[in-house]
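J.: Protein chains in written order, with the numbering used here: chain A, -13 to 226; chain B, 273 to 504.
Hints may be right or wrong, so weigh each one.
[Claimed, not checked] Some residues of chain A that are not near chain B, with every Cβ distance over 10 Å (derived):
(1) ILE1
(2) ALA3
(3) SER10
(4) GLU14
(5) LEU49
(6) GLU65
(7) VAL88
(8) ALA133
(9) GLN136
(10) ASP192
[Said to hold, decoys possible] Quick look at which bits of chain B chain A covers, simulated, 3 or more residues with Cβ under 8 Å:
(11) 306 to 313
(12) 371 to 380
(13) 387 to 396
[Said to hold, decoys possible] Listed below are several chain B residues computed to face chain A (Cβ distance under 7 Å; list not exhaustive):
(14) THR291
(15) LEU339
(16) SER441
(17) LEU445
(18) LEU449
What the hints contain is simulated information worked out from the structure, not anything from laboratory work. Nothing here was measured: the structure is a model prediction, and the numbers come from that model. Ideal placement from N, C-alpha and C gives every residue a C-beta, glycine not left out.
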Amino acid sequence: MTRNRLLEIGALAGISAALVTALSVPPEQTQGDLARMLFVHVPSIWLAYLSFTVTLVASAAYLRTKSLRWDRVAGSSAEIGVVFTAAALLSGMIWGKPTWGVWWTWDARLVLTAVLFFVYLGYLALRRSIEDPATRARRSALFGMLAIVQIPIVHFSVVWWRTLHQQASLVRPGGLQMDPPFVAAFGAALVAFTVVYAALLARRVDLARIEDDIEAALRRQDLPVAGAAVVAPELGGPHV
Amino acid sequence: MTHPTNSPQTPDIRRQALTVARRDLVSEARSGEVMFVVAPFAAIALLLIPIGIGTDVPLLRRIGPGLYWAIVLLFGILVTLRQSADDGGPQRDRLALLGADPVAVLAGRSAAAAVLLIAVEVVLLPVMLALYDVSLPGWPWLFFLIPMVGAALAMLGTIVSAVTGPGASRAALVPLLVAPLAVPILLAATQSLEGLRLGESILTWLLLLAVGNLILAVTGVLAARPLQEALR
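The following block holds chain A by itself, in its conformation from the complex:
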């Protein structure tokens, strides 16, 4: 069984287990069943952070080694991160409507998460705009390293500014403040989402490698064959 297949099976099992655990948790005291959104919303933004951190590490590794493998990891991870940032924004809006009464509010955490989404959307647009793999890798690596500054700002925005958004669930002063069943379900969701990330990343990196191979083959087709400039001698001088 291949590594990708194993990861996909693990992701499916993890998601199933997380779903069962999340549904078996009793309703929360104030928000009732709505609180179950926590098991989708927080793991989504966690995956976004993880993805963009992997992009940073892979970008630095590319600049150091010049191996396109790292560039593929950086690009693939950023793609997954953008998807999960969108998921975090959407799940937050769905959660916000019944609790805050609005789909969107001009809160520091919300606005900065939207900014994070657009920064990495820009990163993906930058990648698509450059054809040459080495140039694309180098420029996007530099931008990928610059863009990471956003993550601590987004995460600690709820500490630095007075916001409507609740305090961070994971990394916060005073540690986790949830009842044990919630902690268990939350942990299961985090693990399941992380395995999903690993499965998606492995598959996407493979796809990126195939894309690169196809692009390289197409580029080779466009090149003149070695020696094509040499023509057989003809009587009557060269054609003009």
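With chain A held as given, fit chain B onto it using these hints.
T.: Here is chain B on its own, set in the frame of chain A:
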């Protein structure tokens, strides 16, 4: 890739940067793209917005400073995208062959963009004050605020322009990349001007701008060489 080492004839990095900045500014003075196209266009935007949202003077007085900086940010991107800032391949190659330090080139470009952005800010400020009837009791702070915002936006725009490189997609990509990254600068600038309007201290926001400038300067120094190599 190695760079030509500076020979005794090669001017030091500061003079190289000044030469690049002067060249950019002379080129801009000839074309007049920023002062005769971008700045008037931005002034028209300041004029049009109240027509769109309603000419309620108390409301305009309140939102004027924020609108001013939003316009400076959006039109400031056009300053970094100006034609005179777009080097062709032969220009880049010549600079490299002359032994120009990539850090000096990036610093020179940023300095020129900063001068132009500050000029745009200075032109737009009285327009905003007049149209939106805003008074700024703490106006002497503007001597610090305007250059700091101009420098930060110029550095960010120049770095991102260098990352995207020349090409057809540059005009679309630079705004997409700069606008979200400029949010902390916009926030500090808006809060500072709001503080000045209310007669409050803006030291914290100026400190944030100073930190932002420092981060961008360090990023520029670290990224200059890899970026120059990426353009070859």
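J.: With reference to the structure, classify each hint as holding or not holding.
T.: Hints, one by one, checked against the model:
no. : hint       : in the structure
1   : ILE1       : holds, 31 Å
2   : ALA3       : holds, 37 Å
3   : SER10      : holds, 40 Å
4   : GLU14      : holds, 33 Å
5   : LEU49      : violated, 7 Å
6   : GLU65      : holds, 16 Å
7   : VAL88      : holds, 21 Å
8   : ALA133     : violated, 7 Å
9   : GLN136     : violated, 8 Å
10  : ASP192     : holds, 26 Å
11  : 306 to 313 : violated (count 0)
12  : 371 to 380 : violated (count 0)
13  : 387 to 396 : violated (count 0)
14  : THR291     : violated, 25 Å
15  : LEU339     : violated, 16 Å
16  : SER441     : holds, 4 Å
17  : LEU445     : holds, 6 Å
18  : LEU449     : holds, 4 Å
In the structure shown, a violation is registered for the earlier hints numbered 5, 8, 9, 11, 12, 13, 14 and 15, in ascending order.
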